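2 protein chains.
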Amino acid sequence: MRCPFCGYEESKVVDSRPIDDGLSIRRRRECLKCEKRFTTYEKVENIPLMVIKKDNRREPFNRNKLMNGLLRACEKRPVSLNDLERIVNEVESSICNTLEREVTSQQIGEMVMEKLKKLDDVAYVRFASVYRQFKDINTFLVELNKLLQDT
Amino acid sequence: MRCPFCGYEESKVVDSRPIDDGLSIRRRRECLKCEKRFTTYEKVENIPLMVIKKDNRREPFNRNKLMNGLLRACEKRPVSLNDLERIVNEVESSICNTLEREVTSQQIGEMVMEKLKKLDDVAYVRFASVYRQFKDINTFLVELNKLLQDT
DNA sequence: GTATATGACACAATATATTGTATCACATAC
DNA sequence: GTATGTGATACAATATATTGTGTCATATAC
Chain A
11 MRCPFCGYEE SKVVDSRPID DGLSIRRRRE CLKCEKRFTT YEKVENIPLM
61 VIKKDNRREP FNRNKLMNGL LRACEKRPVS LNDLERIVNE VESSICNTLE
111 REVTSQQIGE MVMEKLKKLD DVAYVRFASV YRQFKDINTF LVELNKLLQD
161 T
Chain B
11 MRCPFCGYEE SKVVDSRPID DGLSIRRRRE CLKCEKRFTT YEKVENIPLM
61 VIKKDNRREP FNRNKLMNGL LRACEKRPVS LNDLERIVNE VESSICNTLE
111 REVTSQQIGE MVMEKLKKLD DVAYVRFASV YRQFKDINTF LVELNKLLQD
161 T
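Sequence order for the protein chains is A and B.
Under the working numbering, the first residue of the first sequence carries the number 11, and numbering increases by one thereafter.
Under the working numbering, the first residue of the second sequence carries the number 11, and numbering increases by one thereafter.
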């Protein structure tokens, strides 16, 4: 593994211990060039993907729930089911790739909105109005104004 | 490493590849009991801890900058330098522990505010007023009203 | 103060991971 | 349509990681 200090491409493991009851492995590595040491963690890709909701409760990530929100936002809009599947897939895999076990519903909303914005303005604003409704009414108005000005 | 499917404590590596230009290692593992396969990633702990600012530019995380913000918020308030050091330490290490390479300035602000709120209401609102000034004026007012009602 | 937990470190004996080469499947790009 | 990139898979030869034991330092708990 590449050294995070000097960038040299080889390092060796000097210690390796299971942690989290065996669910992860912590390694101490040493750069073969600059000899600096650093810690790495090996973790399982995804499995327990939890969403932190606004009231701080946790629940498992649910593709269908996200898809339903998207379908509602796209009602009578020229967005294909394929596009929506793609968005859900991309969001899910980008959450998995962070290797985080938890993600806030807000972060998910932001990711979805970023992608939806490129597809359909109206669907984007509908979706945003649900995700940001209580926290950020001004932002919603600002977004609406931006869209009005752009057209 | 423990199997995420059946929970058995031993698995073997069936493939191992460097990714991200050598910064991480992806491994395919197979459980020695149920023989199911899963993917793991080994990543460096922290090092390039970058903050994503509001305008989407990145800059390295800077303890001093955060501390300055806290000091300004706590001017003439009964909050010790020790407490502030503790907050900065806790925020920094909780960012490191996520193993994410990037974090938004907003996320940092939220973490700080959560901790500051427990220490001093006035410092909390001062800090919040800086972190949320453009995005969330309503939230700021709501917070002020909450504090006024609580006292 | 003592007790407890955790991370870093070292050493030695053993077991296992790594790397290149190559194929297949799938999805995206043009 | 073809080209391109990526993840999963297999195999074989080689190199390296893992695990137990034990110490030390630091921080937190009581």
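Each hint should be verified, as a subset may be incorrect.
For identical chains, the list gives no copy identity; a pair is met inside one copy or between any two copies.
[Unchecked claim] In silico DSSO-like links for lysine-lysine, alpha-carbon gap of 30 Å or less:
#1 Lys-46 <-> Lys-75
#2 Lys-53 <-> Lys-43
#3 Lys-86 <-> Lys-125
#4 Lys-125 <-> Lys-46
#5 Lys-75 <-> Lys-128
FYI, nobody ran anything at the bench for these hints, they're computed from the structure.
Owing to the predicted nature of the structure, the values given are computational and were not obtained by experimental measurement.
Hints, verified against the model:
| no. | hint | in the structure |
| --- | --- | --- |
| 1 | Lys-46 <-> Lys-75 | between (46 Å within a copy, 27 Å between copies) |
| 2 | Lys-53 <-> Lys-43 | both (26 Å within a copy, 19 Å between copies) |
| 3 | Lys-86 <-> Lys-125 | within (18 Å within a copy, 45 Å between copies) |
| 4 | Lys-125 <-> Lys-46 | neither (41 Å within a copy, 34 Å between copies) |
| 5 | Lys-75 <-> Lys-128 | within (21 Å within a copy, 35 Å between copies) |
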